[in-house]
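Going line by line, the protein sequences match chains W and F.
In terms of our numbering, the first sequence opens at residue 169 and continues consecutively.
In terms of our numbering, the second sequence opens at residue 169 and continues consecutively.
Worth double-checking, as some hints may not be accurate.
No distinction is drawn between identical chains; accordingly, a pair holds when it is met within one copy or between any pair of copies.
[Claimed, not checked] When the alpha-carbon atoms are kept at most 20 Å apart in a straight line, the in silico SDA-like pairs for lysine to any residue are as follows:
| no. | residue 1 | residue 2 |
| --- | --- | --- |
| 1 | K302 | P428 |
| 2 | K302 | D423 |
| 3 | K245 | G208 |
| 4 | K294 | G351 |
No lab work stands behind these hints, which were simulated from the structure alone.
There are 2 protein chains.
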Amino acid sequence: MNALKSPYLLFLGQGDNPLAIKTSRGLAQWRPDLCVGETGAPLSLGLKKMTPTEGAKAGAKTFIIGLASAGGRLDSKWTPTILAAIEAGLDIASGLHEKLSDIPEIKVAAQRKGVKLHDIRHQIDKPSVGKGTKRSGNRILTVGTDCSVGKMYTALAIEQEMKKRQFNVDFRATGQTGIFIAGEGVPVDAVISDFISGAVEQLCPAHSSDHWDIIEGQGSLFNPAFAGVSLGLLHGAQADVLVMCHEANRTHIKDMTGFPIPDLKDCIETNLKLARLTNPDVRLGAIALNCRVIDTDLANQYCASLSNQLSVPCFDPMIHGTSEFVDTLESSQT
Amino acid sequence: MNALKSPYLLFLGQGDNPLAIKTSRGLAQWRPDLCVGETGAPLSLGLKKMTPTEGAKAGAKTFIIGLASAGGRLDSKWTPTILAAIEAGLDIASGLHEKLSDIPEIKVAAQRKGVKLHDIRHQIDKPSVGKGTKRSGNRILTVGTDCSVGKMYTALAIEQEMKKRQFNVDFRATGQTGIFIAGEGVPVDAVISDFISGAVEQLCPAHSSDHWDIIEGQGSLFNPAFAGVSLGLLHGAQADVLVMCHEANRTHIKDMTGFPIPDLKDCIETNLKLARLTNPDVRLGAIALNCRVIDTDLANQYCASLSNQLSVPCFDPMIHGTSEFVDTLESSQT
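Just chain W, same shape as in the assembly:
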């Protein structure tokens, strides 16, 4: 896909459901420097409220529709604001299923004004079938016991710490929010199934021996709906290091009836076993434990206990950061 032009103006819509702006929240959290302001009310991410015209004046290049809606539809209530953003000369980017370019008045206005419409779930470069050929460079993949356990946040927290220490590192996005954050990526769950691992090979190609790609994982090998995506991603990533993401106290697979969260050790071993197909030297690097539903004392205890059991660092990236893990990458390089 074409890279998005930054900085961004974030559109929060007109609703009051904070879950609906999770994509924009991720952007504001991880790339505050890319976000010049926000449009919409009553919700806020604490950025400066501005109209599209004010955003363009403040330097914004792309208007981001970082909204989750029922069925992935573009709400017709948003159209006037989108048209105003086009009129202000901003490119428009959406991660919804329904395409911007399928709405005639938006398409016509964009053509007339000469701005780009980015439907990031639909803009997939011509895919190739995976090859499995060994690639140079270093790759870390976040995997998980389930969906929505923090695979993107963990990858971004690792990238942030590695950047701070001057590693040569890139975050590689595989989902909607990640793609807005990185400005590019592959929406892997929207790829034709024959090309999953091939698309991931293109996302993180061979690189110099001092380079690290931190690849955002998707789904889980133990999620009965999405495990195929997770396995294609695992094979295509050819990761040297897996970071297993897990949520404290989650007992069942999200949105599924009757599927318990897998045993953590079994989940780790299954991921390692299957990952060895394309990288026999893959190893577990860390456990990222999402502790949002437990208190900090318990989080510290739980992490210490897992770290002890599994002999790798265990951290909640939002509480403890990732420095203990990145230390191990530094020492393995020297």
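Chain W is fixed; fit chain F onto it per the hints.
Quick look at chain F alone, frame taken from chain W:
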């Protein structure tokens, strides 16, 4: 997708590469009663040669473009014959990547004549995300150590034997040739990756307790390009019985560099372990050993030895048939 109207007239093109007509060959092999004749030369499947007009007179309802071409393209040399078939009132069905409906003269002629164009790789019913909910009925899935080891032939041979014994049984197609044979199905490698297991759940829905679906497998968990498809299919199928397909003397994964064929026992155990997510009672039912490159004596020895090692029937469906395996299904029902 819409079911194809039968019987069929098979189009063999104008080339001389026998591999290019593998889809039509599968149809003639497994559904000779559905094939009224063949059009094209110099290749032949031993059916009666006829023009589209003669085919229509002989009762054909659909003209099948069962050809594999470089890049899945519709060769413009075929257009006059396709137009003649439309003129004769036949529906047209193609399994190629390039769509019949993208060729203006074919599209216009079909509309004028009121016949249907079936681009079976593109006709996927609105997909749903997989649920993993336990379904009634019995399901057998053919899995494999690699692509092109005989998963479709094995499934069809099992269906044939079960039909002979009056089982209530359906073959469920997941690839181009299988879909022509069944007249319907899901081209699983063409499904958006988020929906692999959901599409397979739709392909073989809940059924009565005496009913059997024999599901055509795809790829292999050990194929670095296509394992995601295989895992989504494994989870969606919710199989009670797996039949592991393997080719005698194949040493490496097809079209891949540096990937040996997995150890058969490991491949079986990995398939069973992952299949248990959606059906904890899944079991290995048989080994189907494709013996095309070894002689019959060696085939017999090899099958006996594997059967002994793994305590299940082992057969080449084209040499031994599947009756020993179907015996075990009969005895498990009583």
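| Homomeric proximity label, K245 with G208: Cα distance no greater than 20 Å | Within one copy, since 12 Å is at most 20 Å while 57 Å is not.
| field | Intra- versus inter-copy proximity for G351 and K294 (alpha-carbon distance at most 20 Å) | value | Close inside one copy (19 Å), not across copies (30 Å); limit 20 Å.
| request: Have a look at K302 and D423 and pick one of within, between, both or neither, based on CA distance no larger than 20 Å. | output: Between. Shortest inter-copy distance 15 Å satisfies the 20 Å Cα cut-off; intra-copy 36 Å does not.
| said: Within a copy, between copies, both or neither: which one fits K302 and P428 at a CA-CA cutoff of 20 Å? | reply: between (35 Å within a copy, 15 Å between copies)
Comparing the model with each earlier hint shows no violations; every hint is respected.
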